[in-house]
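There are 2 protein chains.
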Amino acid sequence: MGVTKSEIFTPEQNTIAKVAKVLGHPARIAILQHLFKINTCVCGDLVEVIGLAQPTISQHLKELKNLEIIKGNIEGTRVCYCINQEKWSEIKSLLNTFLNLDSKSNICC
Amino acid sequence: MGVTKSEIFTPEQNTIAKVAKVLGHPARIAILQHLFKINTCVCGDLVEVIGLAQPTISQHLKELKNLEIIKGNIEGTRVCYCINQEKWSEIKSLLNTFLNLDSKSNICC
DNA sequence: AATATTAATCGTAATATTGCAATATAATAA
DNA sequence: TTATTATATTGCAATATTACGATTAATATT
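In order, the protein sequences belong to chains A and B.
For what it's worth, our numbering labels the leading residue of the first sequence as 40, then goes sequentially.
For what it's worth, our numbering labels the leading residue of the second sequence as 40, then goes sequentially.
Quick caveat, the hints were computed from the structure, so don't treat them as lab data.
Because the structure is a prediction, the values reported are computed rather than measured.
Do not rely on the hints blindly, as some may be mistaken.
[Said to hold, decoys possible] Across the chosen pairs, the derived CB separations fall in these ranges:
hint : chain 1 : residue 1 : chain 2 : residue 2 : range
1    : B       : Ser132    : A       : Val86     : 26 to 34 Å
2    : B       : Glu46     : A       : Gln93     : 18 to 26 Å
3    : B       : Gly90     : A       : Arg117    : 42 to 50 Å
4    : A       : Asn112    : B       : Lys101    : 39 to 47 Å
5    : B       : Gly115    : A       : Ile77     : 55 to 63 Å
6    : B       : Glu107    : A       : Ile47     : 21 to 29 Å
7    : A       : Thr116    : B       : Gly90     : 24 to 32 Å
8    : A       : Val86     : B       : Glu107    : 45 to 53 Å
9    : A       : Leu133    : B       : Thr43     : 45 to 53 Å
10   : A       : Glu46     : B       : Cys82     : 25 to 33 Å
11   : A       : Gln93     : B       : Val86     : 40 to 48 Å
12   : B       : His73     : A       : Glu129    : 19 to 27 Å
13   : B       : Gly115    : A       : Val86     : 27 to 35 Å
14   : A       : Ile113    : B       : Glu125    : 18 to 26 Å
[Unchecked claim] Just a few of them, taken from the derived set where beta-carbon distance is under 8 Å, the chain A residues facing chain B:
hint : residue
15   : Ala56
16   : Ala59
17   : Leu62
18   : His64
19   : Gly90
20   : Gln93
21   : Ser97
22   : Ile122
Cβ atoms here follow ideal geometry from the backbone N, Cα and C, with glycine treated the same way.
With the hints as constraints, model all of the structure from the sequences given.
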């Protein structure tokens, strides 16, 4: 039905999935890469850099803000975005714990 | 329109997003965690372990197979699934490269 | 005050995703 | 052959996502 049955999963599973889901769009990857690249805030040039319409970028930014991956500071008529370093570290740990779930052996049938 | 404009992004951005998208559902996280936990193949018990209907699990398995994250071996009437270790390593590197994009400084407006 | 600039929000269309009942398929067992 | 068992596929309903034009809100500039 388009609705995920979150209630049958653990909080950890839901959190990992939620973070991965937000990273599951190339525009949001591009936004984050750009923020890391220029190493400071972006004030509005994202629309040109990414190549999607302004409302679309705004929507992607909103999703990144919802998970607190980025912060936005209002500067007059502009809003400057930057990575939330603390949150990014958290996400890194969370995903690394999952990604490091290597099986030692590879016994497969 | 529900359609991602993949053509305006780099192959790397699209690949990262595609992998993240597949990891963006708690059922698929749960399936992978279970496969790592038992450290060998799963033959059919996933429906009971996860708690979703059989066709739903089958669909999630299909998505994981599409990205070659898991392999399925037919064993009589059963199919045994296991992690594709090589692919998992690739995914780990891919995501780690992205996750390690720390900015040194935190100059924010 | 009037106008320009920037970003958010609203509304909408097109498509994708989630979940499951029903059914199909394939292999084994009786 | 005829069940039985296990998994895949189909079809569908409900909801979510993506994208963008139009509009709004807020501040700057003239």
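* Violating hint indices (sorted, rising) -> Violated hints (numbers, rising): 7, 8, 9, 13, 14, 20 and 21; every other hint is consistent with the structure.
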